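S.K.: Here's the letter readout for the chains.
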Amino acid sequence: MKNTMIIGATLAVSLAGLAQADTLRLLTWGGYAPENVIEMFEKETGHTVEVTLSNNEEMIAKLRATGGGGFDLAQPSQDRISGPQAEFGIYKPIDLSRIDASQFIDSMLAATKANTTIDGAVHAVPHVWGTSGLVIDTAKADMVRDYTDLCNADLAGKVSYRLKRPTLIGFAFAMGMDPFAAYDDPAAYAEMMEKVEAKLIECKPLVKTYWGGGDELMGLLRSGEVTASMAWDTGGWKLNGEMPDITFVAPASGALGWIDTFALPAKGQADDAAYDWINFVMRPEVSAMITEAAGNFTASKGADQFASDGLKAQFQASFPQAAIDNIKWYPPVPAGLEAIEGGILDRVKAAN
Amino acid sequence: MTPDLECRTLCKRFGDTLAVQDVSFSVAPGSFFSILGPSGCGKTTIMRMIAGFLEPTGGDIRIKGRSMLNVPPNKRPVNMVFQHLALFPMMNVADNIGYGLRRAGLPKSEIVRKVGEVLERIGLPGIGSRRVDELSGGQKQRVAIARCMVLEPDVLLLDEPLGALDLKLRERMKIELKSLQAAFDTTFVYITHDQSEALVMSDQIAVMNHGVFEQVGTARDLYYRPETAFVAGFVGDSNRWAGTVEQVDGSTVALRTAEGLLIRSRAQGKALAKGEAAEIFLRPEAIRVARDAADLAQFDNQVSGVVSSLLFNGAASRILVRDEVGEEIEVTLPQSGEFATLSRGAPVRIGWSGDQTTCFARQG
Amino acid sequence: MQSQARLGFFLLLTPLLLWLGLLILIPHVDMALLSLRERVGVGQYTTSLANYGIFFGEPLYMWTFLRTAVMSVLATVITLIIAFPVAYYIAKMARGRTRSALFLLCLVPFWVSELVRTFGWMILLRETGLFSSLLQWAGLATGPVEMLYNDAAIMVGLVYTSMLFMVVPLVTTLESLDDAVIEAGYDLGGSGLSVLREIIIPHAMPGIVSGSIVVFMLSLGNYLTPTMLGGKDSLWFTELIYSQFIVRFNWELGAAFGFMLLFLSSVIVWGTLRLTGQTLERTMG
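Protein chains in written order, with full-length UniProt numbering: chain V, 1 to 352; chain A, 1 to 364; chain G, 1 to 285.
Keep in mind that the hints were calculated from the coordinates and are not lab data. The model shown is predicted, which means the values in this text are computed figures rather than measured ones. For every residue, glycine included, the Cβ atom is placed at its ideal position computed from N, Cα and C. A portion of the hints provided could be inaccurate.
[To be verified] Derived PhoX-like pairs: lysine-lysine, alpha-carbon spacing no greater than 25 Å straight-line:
no. : chain 1 : residue 1 : chain 2 : residue 2
1   : G       : 232       : V       : 140
2   : G       : 232       : V       : 204
3   : G       : 232       : V       : 164
4   : V       : 195       : G       : 232
5   : V       : 164       : V       : 328
[To be verified] Partial chain V-side listing against chain G, Cβ under 8 Å, derived:
no. : residue
6   : 57
7   : 58
8   : 84
9   : 204
10  : 207
11  : 210
12  : 224
13  : 350
Work the whole structure out from these sequences, hints included.
M.R.: See the structure below:
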């Protein structure tokens, strides 16, 4: 009797241990973990993958709520790691020896490592990158070349953007300022943002609505209710496939470049599976599958040659070499900066 | 004199069923008129048509000579005391009584005065500020009547208002209702399935069955001179037999019951022919009990038998007597107490006069 | 025997205590403590009322709260006005199958998620949507009409979402009103309007108040409908709370906002109860 109990208990413990190590709880964006990739990964490694879709803010909020638990691998943008990490300690350092660095585009890996190094330890490696800029209907709103062109009175009621930080930063650049340079000087940053606030309030009567979700914006553009908006590049390209007039345009003052990364939550329990996943999805052929699903390119070396011609053509149309060179990559956001932006956004929303 | 209420060939049809069929009657001013009938006979339908909640299919309703067709309920000079009284639970007693006066647009002081007066008349002065659910059953009853009477209607309709009360209270309220009616001197139209309520209070009673009036008359008429078998059976208690006519002799007939008992009776209404099927009714209190055949000499019906059951009920005690052919006859014992010692199985003789027996040709 | 009864009592009590403790008491205590924390530096906090100071110091927050409260009250009133005849019809006039069918109709929207319901309204109200097209087709409008992204759209969404919660308590209280009482109202000389005012509404008051409390709280705490149907000016208090928690990572201020919402909505409900002379026991019991 006693023996069976002991055996049963050991069995239960070992089973639980196995199951934990085997299941990768992935906190990521839509399209970053397509079904076919998960299937291949599960077949090859024996791990199982549980996907939770989210965005930057919710990822941080979720991990903060549990002190970095509940997930084994997260995919925040590289600029949103050091701030929350300093404040809430929700990630643990990456063991670079377990990452196959040869699969990464060197410059991107280096940049991400630099941006996410805290106390000498690297906290993230790059995965998917892209830009945000303008999606316009070239037949009706061809004059839009920069964020501030969204204030054109000719487009009254046909314009939409998000009331989020990329809008503030995009407008700041278009107004000839450099918000990234002011990141470390809260007073200067606040002053800069106040100018943006004035501009956004001035432009508010022309805005149809501040869009909240990607699907909502797609609907607005597709129905023609909105002809010019701030949006991600992939959204523009996706619509371009359906309606040739609509496309993504890199703004004159520069598209805003982001890199989504891999980071390990502080209380993650399946680091082995997490490293396996990173090394697996960074393979060029797997990365190409993710590019196909998400619409964005990855930091995987050599994945380009697997990407579809259509997407490559769209990318080249939107990004001539000069535009690529002009991409403004987000530097790490210092903790507390969101509070300044938050006040600005609240006041814009409340303005009449 | 114009009757307070007059119904002329009133009809009401619900789909395929005729709930009220060519009913005509008139109610004299200041009288207490009852409609008595089993549930489902159509009496409530008549009342709701008079109150205005139902539109008649045919016929006319006149109050003080004025036709009430197409007059909405709130414009009719009739008021109704509902079966469960329907006092407004959200108002106190004074507001309940004053409701109709407020609707009529009377000034406040006038309303207060009238409510006070009517409360005085129903013997409940000073309860105006009480909540409805603080009243006893009898008090509610009186308030419900006062609520209508304060409006001085031409006709007051009462829809079995005593049904929800317990027996003792019901007995008291019967008398009280009658005196209230006299005090207010208003025409009451009262609906009930309880014959004793109708018999005690009414000046005129209409017995209703299957949508038609069987008989309209005073309580005495209905009790002693029923015109139909239904009335004879419905009003009061009766011994009841089915039989055939054996012999017709002027105003008296001799009938034989299915069991073989011969009964002499006066002929009622239509003359009965020999051999016709008939129904025979005999009230238990019309039967004399005797130990001696000599005591019953004056009766043309005499039966001997044994006591098969004793039904003690104080003043209304009865016995069941089984006769030679096996019929059981219910007999009221005289209140003198001379048969108080009668026991089961004791031989008795009973007799009654043929005048006390009624019979009707069997219908259908 | 007695100890068994006591055991039964505690077993019955346990789920209630767990529910109260784990799901209501502890989270609220936690939120209260959180709202009293002030961030002074990276990862450093002190206890202060600073977050509440921010709420009262920034007119925007007060204004948004006021706006939310007024809009919620308005939504409640509109819901009541629409739901009352519906409930009256269901409770007093419809019979048998019609009645169940009508009840079901009120229930049907709740078989899909709130998100889908709201999207439904977006499809109907948008510039290229059904209503706009119908108006143009009928010649009542010359160009596309935008009915989305404004306060009226929020109101439509809130009323639609709240209908059932008003209809159910109203039907229950109206059902308990004896038909004879209504008839007595007419019989004693009342007109339709006065019967409604003096008899039906006073009787239905507990249902009206409990329905209104539920609808008011649902509207006040609604997030999806105002954010999706509302326009660029349509501030909603829950949106502020969401953005403090999720977008700004400012849980401390978000918690303070949450408590202000709890406190102020309780005050409004209490005030309404006092004003209508109802008590919570009467309306909820």
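S.K.: Compare the structure with each hint and give your call.
M.R.: Each hint, compared with the structure:
1. Distance hint between residue 232 of chain G and residue 140 of chain V is fulfilled; the C-alpha atoms sit about 23 Å from each other, no more than 25 Å.
2. Distance hint between residue 232 of chain G and residue 204 of chain V is fulfilled; the C-alpha atoms sit about 8 Å from each other, no more than 25 Å.
3. Restraint check for residue 232 of chain G and residue 164 of chain V: the C-alpha separation of about 13 Å stays at or below 25 Å, so the hint holds.
4. This hinted pair checks out: residue 195 of chain V and residue 232 of chain G have alpha carbons roughly 20 Å apart, not beyond 25 Å.
5. For the given pair, residue 164 of chain V sits about 17 Å from residue 328 of chain V by alpha-carbon distance, which is consistent with the 25 Å threshold.
6. A distance limit of 8 Å between C-beta atoms decides the matter here; for residue 57 of chain V the minimum to chain G is near 5 Å, and the interface restraint holds.
7. Against a cut-off of 8 Å between C-beta atoms, the interface hint on residue 58 of chain V holds, since the closest Cβ of chain G lies about 6 Å away.
8. At its closest, the beta carbon of residue 84 of chain V sits 7 Å from a beta carbon of chain G; the interface hint therefore holds under the 8 Å criterion.
9. Interface hint at residue 204 of chain V: satisfied, since its Cβ lies 6 Å from the closest Cβ of chain G, which is below the 8 Å cut-off.
10. Given hint, residue 207 of chain V at the interface with chain G, holds; its Cβ is 5 Å from that chain's nearest Cβ, closer than 8 Å.
11. The interface hint given for residue 210 of chain V is met, as the beta carbon of that residue sits about 5 Å from the closest beta carbon of chain G, less than 8 Å.
12. With a cut of 8 Å, the hint placing residue 224 of chain V at the interface with chain G holds, because the nearest CB-to-CB distance is about 7 Å.
13. Of the supplied interface hints, the one on residue 350 of chain V holds, with its beta-carbon coming within about 5 Å of a beta-carbon of chain G, less than 8 Å.
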